[in-house]
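S.K.: Residue strings, one per chain:
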Amino acid sequence: MMHRALIRIALAASATIVFPGALAQQECEPAVDMIESNDAVNRISECDYSDEGINGWLSGLGERKPTDSAAAASSSASASGAEGGEFELSSAPVAEPLALLQARFALISKAAQRCEQGAAIVKLERYRPLEGGKLRLEMRFQCQD
Amino acid sequence: MKKSVLSTAFLVVMAAQSANAVTLYGKANVALQQVDEAGDSEIELISNSSRIGLMGDGAVSDNVLVLYRFEYETSVDDGENSGQTLTQRNIYLGVQTQYGTLMGGVFDTPLKTAASPVDLFNDLEGDIRNIFAGEIRAKNIVQYVTPKSFGAVTGKIAYITKEVDGIDGVSASIAYSDGPIYLAAAMDQDVEDNVANTDTYRVIGAYTLGDLQIGGAYEKYDNEQGDGDGYFASVQWDITDQWVFKTQYGQSDIKVEGRESFSIGGDYKFTKAIKAFGYFTQNEDDLVRDDDYLGVGMEIKF
Chain A
1 MMHRALIRIA
11 LAASATIVFP
21 GALAQQECEP
31 AVDMIESNDA
41 VNRISECDYS
51 DEGINGWLSG
61 LGERKPTDSA
71 AAASSSASAS
81 GAEGGEFELS
91 SAPVAEPLAL
101 LQARFALISK
111 AAQRCEQGAA
121 IVKLERYRPL
131 EGGKLRLEMR
141 FQCQD
Chain B
1 MKKSVLSTAF
11 LVVMAAQSAN
21 AVTLYGKANV
31 ALQQVDEAGD
41 SEIELISNSS
51 RIGLMGDGAV
61 SDNVLVLYRF
71 EYETSVDDGE
81 NSGQTLTQRN
91 IYLGVQTQYG
101 TLMGGVFDTP
111 LKTAASPVDL
121 FNDLEGDIRN
131 IFAGEIRAKN
141 IVQYVTPKSF
151 GAVTGKIAYI
161 TKEVDGIDGV
171 SASIAYSDGP
181 IYLAAAMDQD
191 VEDNVANTDT
201 YRVIGAYTLG
211 DLQIGGAYEK
221 YDNEQGDGDG
231 YFASVQWDIT
241 DQWVFKTQYG
251 QSDIKVEGRE
261 SFSIGGDYKF
271 TKAIKAFGYF
281 TQNEDDLVRD
291 DDYLGVGMEI
301 KF
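The listed protein sequences correspond, in order, to chains A and B.
So in the numbering used here, spot 39 of the first sequence is number 39, and the numbers just go up one at a time.
So in the numbering used here, spot 240 of the second sequence is number 240, and the numbers just go up one at a time.
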């Protein structure tokens, strides 16, 4: 019976261990995984895969991709906080100065698209330190008609 | 015929790329496994829910998004499933505002999606559906999802109209996800087809500590014929950036008396999107099954 009693005990013991707090950063996993997550509908607009994988290849047909770091800097955009027409966008983690600039450009472009009837006003810009010296750029915008 | 289908698909993809915030996604997951089912042995090549889909959103105003998802399964192993090249998986159209999302279509119920973080052998022979009821992709389902402004809490409630027998179903869940902690409770009522007066209740928990994730679930099920309950536990250890070890065990009397499912396996990640994997699964119960599966496979996500 495959030592089932032992397995049950091991799994049950593991499940009862209380660990100190740790951070499991919720980032944009591959699109096929993200869309399977429990809160997927709240994340569809959060994660931008336009520069990744087959989407990057399709969107880049006939164009030269700048660098790998540019792809890494592709932003994720959150539609949260729609109060007063404001919305917040955040980048994927970036580790290089050029990637940070490109991530900023990507966020501003995304905001401008969302405010296509007018202009996007930057209400807030902050840089969140992450593990490994990386940064996450978070920007809040408001559409001006 | 095939050419026109391919042309149409290509145009759809190109149109999608030219529109705003459209993502083409999918995965191919194929395994070669040694099967020993009730004494009969054979080798199988299997496609484990390989799929292709489109998802995206479009803003109709500053505060209103239209969301959509069209996802189809493709059988990488033998090219067809019940005579179909592509079969429907999750398909929906929804409207999202600061007050939440309202969506309709055919998609996984709140009870099913609530357990997604803890089923480490999902879509393989060790899938949680072997021991738990309620792993349902419902047709004609309308669902409300709480907005992102609720923070760590996501609530869902869905109404499923059967359109034939007059017995409509309800599914609901509430989940708390904050950093390493995931907790959820969910219920189904009369969601299953052709079974009257069914109730399913499920609680799920998962905790991540660095490279280690533990998870568990408990389910209680009852209908006119009887009731049953079961539990499930899983452990995943990211040994290195490439190597992942995982195991899970479940036992229940919900589907069959004495059903047990045990799986152990590992992944080797070549990249974020490509991995090789191996597994051993044993599914058995007191009445029907005494099955072993030993397999290796590859997966690519795009």
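Mixed in with the good hints there might be a few duds.
As the list claims (entries may be wrong) - The calculated DMTMM-like cross-link candidates involving lysine to aspartate or glutamate, where the alpha carbons are at most 25 Å apart (straight line), are:
| hint | chain 1 | residue 1 | chain 2 | residue 2 |
| --- | --- | --- | --- | --- |
| 1 | B | K269 | A | E138 |
| 2 | B | K220 | B | D253 |
| 3 | B | K272 | A | D145 |
| 4 | B | K301 | A | D51 |
| 5 | B | K301 | B | D62 |
| 6 | A | K123 | B | D78 |
| 7 | B | K139 | B | D62 |
| 8 | B | K272 | A | E125 |
Claimed, not checked - Okay, the calculated bits of chain A under chain B, using three or more residues with CB under 8 Å as the criterion:
| hint | region |
| --- | --- |
| 9 | 33 to 41 |
| 10 | 47 to 57 |
Keep in mind the hints are simulated off the structure, nothing from the lab.
Think of the CB as a built atom: it goes at the ideal place given N, C-alpha and C, for glycine as much as any other residue.
S.K.: Look at each hint and say if it fits the structure.
M.R.: Results for each hint:
1. B/K269 / A/E138: 30 Å, violated
2. B/K220 / B/D253: 9 Å, holds
3. B/K272 / A/D145: 41 Å, violated
4. B/K301 / A/D51: Distance of about 15 Å is within 25 Å: holds.
5. B/K301 / B/D62: Not satisfied, since the Cα-Cα distance of roughly 32 Å exceeds 25 Å.
6. A/K123 / B/D78: Violated. A/K123 to B/D78 sits at ~54 Å, over the 25 Å cutoff.
7. B/K139 / B/D62: Given pair B/K139, B/D62 is violated - Cα atoms ~31 Å apart, limit 25 Å.
8. B/K272 / A/E125: 29 Å, violated
9. 33 to 41: Per the Cβ count (8), the hint holds.
10. 47 to 57: holds (count 6)
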